[in-house]
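Novice: Sequence:
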Amino acid sequence: MNISSILSDGMVLQRNAKVSIWGKSKSFQKIKVVFLEKIYETKTGENGNWEITLNGLEPGGPFQMVISDENESVINDILIGDVWILGGQSNMQLPVNRTLDLFREEIKTVNQPYIRQFTVPQYYDFHHPKKDIHGGKWISANSDDVMFFSAVGYFFASELHKKYEVPIGLILTAIGGTPIEAWMSENTLRKIGGYEETLEKCKDDFYVSTTIKSEDESSGEWFKYLQENDPGLKEEWYHNSYSSKEWEEVEVPLSWEGTPLEDVRGSVWFRKEITIPDSLANFKGRLSLGTIIDADDTYVNGIRIGSTGYMYPPRRYEIPEGVLQPGKNIITVRVISTQNIGGFVKDMPYKLIVNGEIFDLKGTWRYRLGIRTNDLLPQTFFQYFPSGLFNGMISPLQNYKMKGVLWYQGESNTEHPQGYRELFEGLTKDWRTLWDIGDFPFIFTQLANFDTGKKNKESNKWAELRDEQKAGLAVSNTGMAVAIDIGESNDLHPQDKKTLGKRLALCAQKLAYNENIVASGPIYKEMEIIEETVHIYFDHVGSGLISRNGELQQFMICGKDRRFYEAKAVISNNTVIVSHEKIKSPVHVRYAWADNPKGANLYNLEGLPASPFTTEHIED
Numbered sequence: 000m001n002i003s004s005i006l007s008d009g010m011v012l013q014r015n016a017k018v019s020i021w022g023k024s025k026s027f028q029k030i031k032v033v034f035l036e037k038i039y040e041t042k043t044g045e046n047g048n049w050e051i052t053l054n055g056l057e058p059g060g061p062f063q064m065v066i067s068d069e070n071e072s073v074i075n076d077i078l079i080g081d082v083w084i085l086g087g088q089s090n091m092q093l094p095v096n097r098t099l100d101l102f103r104e105e106i107k108t109v110n111q112p113y114i115r116q117f118t119v120p121q122y123y124d125f126h127h128p129k130k131d132i133h134g135g136k137w138i139s140a141n142s143d144d145v146m147f148f149s150a151v152g153y154f155f156a157s158e159l160h161k162k163y164e165v166p167i168g169l170i171l172t173a174i175g176g177t178p179i180e181a182w183m184s185e186n187t188l189r190k191i192g193g194y195e196e197t198l199e200k201c202k203d204d205f206y207v208s209t210t211i212k213s214e215d216e217s218s219g220e221w222f223k224y225l226q227e228n229d230p231g232l233k234e235e236w237y238h239n240s241y242s243s244k245e246w247e248e249v250e251v252p253l254s255w256e257g258t259p260l261e262d263v264r265g266s267v268w269f270r271k272e273i274t275i276p277d278s279l280a281n282f283k284g285r286l287s288l289g290t291i292i293d294a295d296d297t298y299v300n301g302i303r304i305g306s307t308g309y310m311y312p313p314r315r316y317e318i319p320e321g322v323l324q325p326g327k328n329i330i331t332v333r334v335i336s337t338q339n340i341g342g343f344v345k346d347m348p349y350k351l352i353v354n355g356e357i358f359d360l361k362g363t364w365r366y367r368l369g370i371r372t373n374d375l376l377p378q379t380f381f382q383y384f385p386s387g388l389f390n391g392m393i394s395p396l397q398n399y400k401m402k403g404v405l406w407y408q409g410e411s412n413t414e415h416p417q418g419y420r421e422l423f424e425g426l427t428k429d430w431r432t433l434w435d436i437g438d439f440p441f442i443f444t445q446l447a448n449f450d451t452g453k454k455n456k457e458s459n460k461w462a463e464l465r466d467e468q469k470a471g472l473a474v475s476n477t478g479m480a481v482a483i484d485i486g487e488s489n490d491l492h493p494q495d496k497k498t499l500g501k502r503l504a505l506c507a508q509k510l511a512y513n514e515n516i517v518a519s520g521p522i523y524k525e526m527e528i529i530e531e532t533v534h535i536y537f538d539h540v541g542s543g544l545i546s547r548n549g550e551l552q553q554f555m556i557c558g559k560d561r562r563f564y565e566a567k568a569v570i571s572n573n574t575v576i577v578s579h580e581k582i583k584s585p586v587h588v589r590y591a592w593a594d595n596p597k598g599a600n601l602y603n604l605e606g607l608p609a610s611p612f613t614t615e616h617i618e619d
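Numbering that gives the first Met the number 0 applies: residue 0 is where the sequence shown begins, and numbers increase by one.
Derived by calculation from the structure, the hints in this document are not laboratory data. You can trust all of the hints, since none of them are fake.
In silico DSBU-like links for lysine-lysine, alpha-carbon gap of 35 Å or less:
(1) 136 with 17
(2) 17 with 29
(3) 597 with 345
(4) 497 with 17
(5) 469 with 524
(6) 497 with 460
(7) 244 with 361
(8) 107 with 497
(9) 559 with 581
(10) 190 with 200
(11) 453 with 501
(12) 190 with 130
(13) 129 with 212
(14) 361 with 223
(15) 350 with 223
(16) 271 with 107
(17) 469 with 202
Cβ-Cβ distance ranges computed for the label pairs, FRET-style:
(18) 163 with 361: 43 to 53 Å
(19) 303 with 246: 14 to 24 Å
(20) 204 with 238: 44 to 54 Å
Bear in mind the structure is a predicted one, so any value in this text is a computation, not a measurement. From the three backbone atoms N, C-alpha and C, an ideal C-beta is built for every residue, glycine too.
All chains, full assembly: derive it from the sequences and hints.
Specialist: Written out as structure tokens, the structure reads:
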């Protein structure tokens, strides 16, 4: 008998719902399911498929289920509670172990066996929706396995479990870098239009397989050349016995832009010497090296303690006991630049921690060019292409009953923000049609603040995308968590997923659990021009509007020439009044209208931030 891998030990079933259990056996085979002292029986059809429905499931567990055809299968440790789908890209996928700068001590003591997660294996299909998934397992939120939970998901689930005291199941279906189109059905994308050529091209299996093979071979040859010809590896520049006195000096952190290293693709070696007192020698240590563009191999006293293959993860490496020595210690970092201008990202932690003592690693390092190569050719990531992940990862979940969806995605659509609202509407319709359980809650995160590094300050594509996301609230039973105050300007993957989890949980309490609470910060409603001022009115003011940390910031105003200027903004009777002494006939107002709206500080008294907005219409 074949049973979906999601129907396995540790699973969480949705309470108070018609829950399906399904599988495949021989044709016309009798199937028996025993669960909670009830017996369910059915027969397979000619194709061998079977399905039964469980009713009246009350929260609790753990329980056992026995499924029989000619043989018997047992599923253990089953919980009944609420199940949430986690969808999107890397900020939803980001695991708890990437947030330890903030939550290390808290995570050490986690033991929440009634919070579970199942990660759907990455799989795409461009031909048709799949019926089942293969691989993956349920894990519990204990101090070891919680490290692999979606950080957003874990903190969200923790809030709900604490409040409602029922098991919470999370099904993670997020892949880094994916645009929204990858998670939508082919039919919906064809109705929207503009995707026909790509959809047809990806149905050519020969094209897909030969592209992957060719690019894998090219990438393999690039790295092989790098490894075989880097003198730093041949001469072991990472050993303490090697002298780097003749190397150039440089201040770390730094971007290679504007330096002799700007156009280097290949490897550059960096070394720093630090002194450890005898009292700390032989202790374990923890090395923080910000983030590095693009990849790195990191050594301490000649021992390789860590390696990261791409630019986004923070470099946080554990140093085993016995590696650190009394007196002189040498840290060596081999930076590999593949396609981007390399560097150590600024305004991040660069330190060594040993037994609670901190050694600052910022400042003077020495460096030497290893080997210069050509750019590594970019890869084609087919998981990014339209409809592939909908078919391969979403469609197979349609029989698994759930409470609602959390969605965190949008970074990969910022280059073309206009039209995202239509795509989001299509996505929600696709998923609600697939599960066929009504307009279940669909709660999403509005993009956090992030400095994209765009030289053109008039380019505010992240702001435009946030506005498109906000428009998604027009879709029934949706909620939005604002995140412009909890991002990190220099990191695409901000670590404070706890605050975000709490905000998403507030939306869930309102939409899924019918709580009469304030679940949103202020949302722009309408404007009114009164003499030389613009009055801005809001929904979701809660107990009232407030300004955090001084006068309101990030408000801008324009006249008929559409040139925006920083404006004066004050709160009066839960209305924001915006003006500028030089603009006598105001036309429009913007708030937090930037990729990284630093200092945006309009909140309600419940502590929830206002969403960015512009009073302009898209067609303006």
